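> Sequence:
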Amino acid sequence: TDLYKKLAGQEGVEFARRYRRHEYADHSTPQRYPYNRTTVMALHGGGIETGTSELCLSIAGYHPATLAPLQDGHGVHDYWM
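So the sequence shown is numbered by the working numbering: it starts at 1 and just counts up by one.
Any given hint could turn out to be false.
[Claimed, not checked] Here are the in silico distance ranges between beta carbons for each label pair:
| # | residue 1 | residue 2 | range |
| --- | --- | --- | --- |
| 1 | V76 | R17 | 12 to 20 Å |
| 2 | G75 | G51 | 17 to 25 Å |
| 3 | D2 | P69 | 36 to 44 Å |
Because the hints were derived from the structure by calculation, they are not lab data.
In this text, all values refer to a predicted model and were calculated from it rather than measured experimentally.
Here a beta-carbon is modelled for each residue, glycine too, at the ideal position from N, C-alpha and C.
Work the whole structure out from these sequences, hints included.
So this is what it looks like as structure tokens:
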């Protein structure tokens, strides 16, 4: 679409992606997975939606300012924003 053509080469200038994927290998054959398959997504326009990034990081289990894993016993999850 036109939007993608206009944004070509603009990543890091007009917008940025922040994400974290945890490295897991699942070699099990049953449908029960040995880890939580949750991903927290916060698709937004950056500064337009104040607090969205911070909320995404908190839900995913990270301190919004330091990105340190929270010690609340709930673990951490993949996130994409």
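> Taking the hints in turn, state whether each one holds.
Going through the hints against the structure:
no., hint, in the structure
1, V76 x R17: 12 to 20 Å, "holds, 19 Å"
2, G75 x G51: 17 to 25 Å, "holds, 23 Å"
3, D2 x P69: 36 to 44 Å, "holds, 40 Å"
When each numbered hint is compared with the structure, no violation occurs for any of them.
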